[in-house]
Amino acid sequence: MQETIQQLNDLELAVLASLVTEEHCIFATDAESTDGLKHELHAICTHTFGLGTTTITCNADTSVDDLNEALLVESREELDDEPRTYGQPSSAVRNIGFSRLGRSPSPSAINDIEPRRIANVVIAADLDLTDTSVHIQVLELLRTRRVFTRTAMHTAPKDFLFISIMSSPGERLTHHLNDMFCMSHFHLSEDGLAYADGLLEKDVAPSLPDVDIRTLREQAQKVRMTGEVASYLHNIVLFMRNSRYITGGVTATATKQLRSLSSALAPLHGLDYVPPSLVVLATRKIYPHRLILATSDTEKSLQWGSDPRAVGRVLENITVEGVIEDVLASFESPL
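Per my numbering, the very first residue in the sequence shown carries number 14; after that it's consecutive.
It should be emphasised that the hints constitute simulated quantities derived from the structure, not laboratory data.
As a list, the in silico DSS-like pairs of lysine-lysine whose alpha-carbon atoms are at most 27 Å apart:
{"no.": "1", "residue 1": "Lys171", "residue 2": "Lys235"}
{"no.": "2", "residue 1": "Lys298", "residue 2": "Lys235"}
{"no.": "3", "residue 1": "Lys313", "residue 2": "Lys269"}
{"no.": "4", "residue 1": "Lys171", "residue 2": "Lys298"}
As the structure is a prediction and not an experimental result, all values here were calculated from the model.
The task is simple: from the sequences and hints, build the whole structure.
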């Protein structure tokens, strides 16, 4: 399995890390490459991991009903949590069901009639362009792992992954929804797209089927983290919260996911312990989409009489990535 993992590209590794941690992920690339990234991620989830995948391209007019329809794909004869048979494309049935007026049937009775289920992987492109009501619906899905349509209640499968592709770099989702996504990854256009460029074949068995994902999860749960490394992780969070350049985004959820991702990265590198370098790598994936940078009106030193104009000049060239590197350089990592 390690040999296979070493051959994965950056997009495949990001999806794999999300599957192992059982958390959701944000992707971004140059605005003109967003459509290609969407198709590449669909191919990765379907062919590399053998998962049933559905894709929705959002815009300002996308409604909650549009989202609900896009989440659903044709169900197999028996609803279970096993991945869709490799090679079969996902397709949603656009039928509208009707029920008699009167007493509402039980959820189980409704689900017996409804022939569709939520896909294992949902890829939502340009989700940041949609209305707040759509964000709330996605937040409800990620929190409760179920969604109510006009005809039924649908429960997400155990191996459920929601991928959001930003319309352009730097765009954000609403605060609470943004915090539900564990990690973010920016794909450089010059790195190419393996499936689109013909470097990978679609007509072969999945490189990492579900059994391998479960094995990696079990290994991640057994990974050791020493007291020194745990203290190092805690210091990163502490320095993030105390940084003059940061006014928000260092949430309790982020701290929990930082520890989880650090542990999940270990078996991907063939390790049974967490070295400081993996904590650093996890930090660079956990915080970029979360951190809220200070402005000349919110910078902390203003409380002690700093000149807002001078503060504004200091903050001119500050970036999220630069702030993260500044925090990581503020103290030494354990040997």
